[in-house]
Amino acid sequence: MAGITTFTEEIGDTICERLALGESVRSICDGEAMPSMSTVFKWLRDNEAFSKQYAHAREVQADALFDDIIDIADDGRNDWMEKRNADGESIGWQENGEALRRSQLRIDARKWMAGKLRPKIYGDKLDVGLTATVDFVVNAKPMTEEEWQKQHGANPA
Numbered sequence: 001m002a003g004i005t006t007f008t009e010e011i012g013d014t015i016c017e018r019l020a021l022g023e024s025v026r027s028i029c030d031g032e033a034m035p036s037m038s039t040v041f042k043w044l045r046d047n048e049a050f051s052k053q054y055a056h057a058r059e060v061q062a063d064a065l066f067d068d069i070i071d072i073a074d075d076g077r078n079d080w081m082e083k084r085n086a087d088g089e090s091i092g093w094q095e096n097g098e099a100l101r102r103s104q105l106r107i108d109a110r111k112w113m114a115g116k117l118r119p120k121i122y123g124d125k126l127d128v129g130l131t132a133t134v135d136f137v138v139n140a141k142p143m144t145e146e147e148w149q150k151q152h153g154a155n156p157a
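Yeah, the sequence shown ends on 157 if you go by my numbering, and it's all consecutive.
Because the hints were derived from the structure by calculation, they are not lab data.
This structure is a prediction, so every number in the text was calculated from the model and none was measured.
Among the clues, some could well be false.
Distance condition first, Cα-Cα at most 20 Å in a straight line; then the derived SDA-like pairs of lysine to any residue [as the list claims (entries may be wrong)]:
id, residue 1, residue 2
1, Lys116, Thr39
2, Lys52, Thr39
3, Lys52, Ala99
4, Lys125, Ala109
5, Lys120, Val60
6, Lys83, Asp68
7, Lys83, Val60
8, Lys111, Ala99
9, Lys120, Phe66
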């Protein structure tokens, strides 16, 4: 039921808890007895406490996404398919390229999202150091005390 428009702490807590566990706002709001996405975004704009709670939930979500990456990478259950001949007899195993590509896509999406949610921890490290050689020439000539005083208007001592 997307008709909920009044914010309660209970609904806010539920949204943030589910968000922290890795669900999207869209999937949360599609659930029964939850507000619409536009209502949640309105609450974020109008309710400072909920906005802070939501921001914290997003940070925690980055950690959950990072954990998902390990689980997806370590799950090899669908990496291989049994190959069968026309009689249905097993003739060996072959790599399941579709499952492997899908796993890679899931990992990449989570890496990207975690990097956006917590860039200091999961973002790409940028090397902003500068290495350069600067050459310059100083064109100086000796001055007499008189020339120095004329140029600077003071006694050099």
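Run the distance test for Lys52 versus Ala99: straight-line Cα separation, threshold 20 Å. Distance of about 38 Å is beyond 20 Å: violated.
Quickly compare the C-alpha distance for Lys83 and Val60 to 20 Å and report which way the hint goes. Judged against 20 Å, a Cα distance of about 42 Å means the pair is violated.
Pair hint Lys116 and Thr39, alpha-carbon separation not exceeding 20 Å: violated, 24 Å
Agreement of Lys111 and Ala99 with the hint, judged by alpha carbon distance not exceeding 20 Å: holds, 18 Å
Please work out if Lys83 and Asp68 have their alpha carbons no farther apart than 20 Å. violated, 30 Å
Is the straight-line distance between the alpha-carbon of Lys120 and that of Phe66 20 Å or less? Holds: Lys120 and Phe66 sit about 14 Å apart, inside 20 Å.
With the threshold set at 20 Å, check whether the alpha-carbon distance from Lys120 to Val60 stays at or below it. At roughly 14 Å apart (the allowed maximum being 20 Å), Val60 and Lys120 satisfy the hint.
Hinted pair Lys125 and Ala109, Cα distance within 20 Å: Since the Cα atoms of Lys125 and Ala109 sit roughly 18 Å apart, the hinted pair holds (cutoff 20 Å).
Sort out whether Thr39 lies within 20 Å of Lys52, counting only the CA atoms. holds, 17 Å
When held up to the earlier numbered hints, the structure conflicts with 1, 3, 6 and 7 and fits the remainder.
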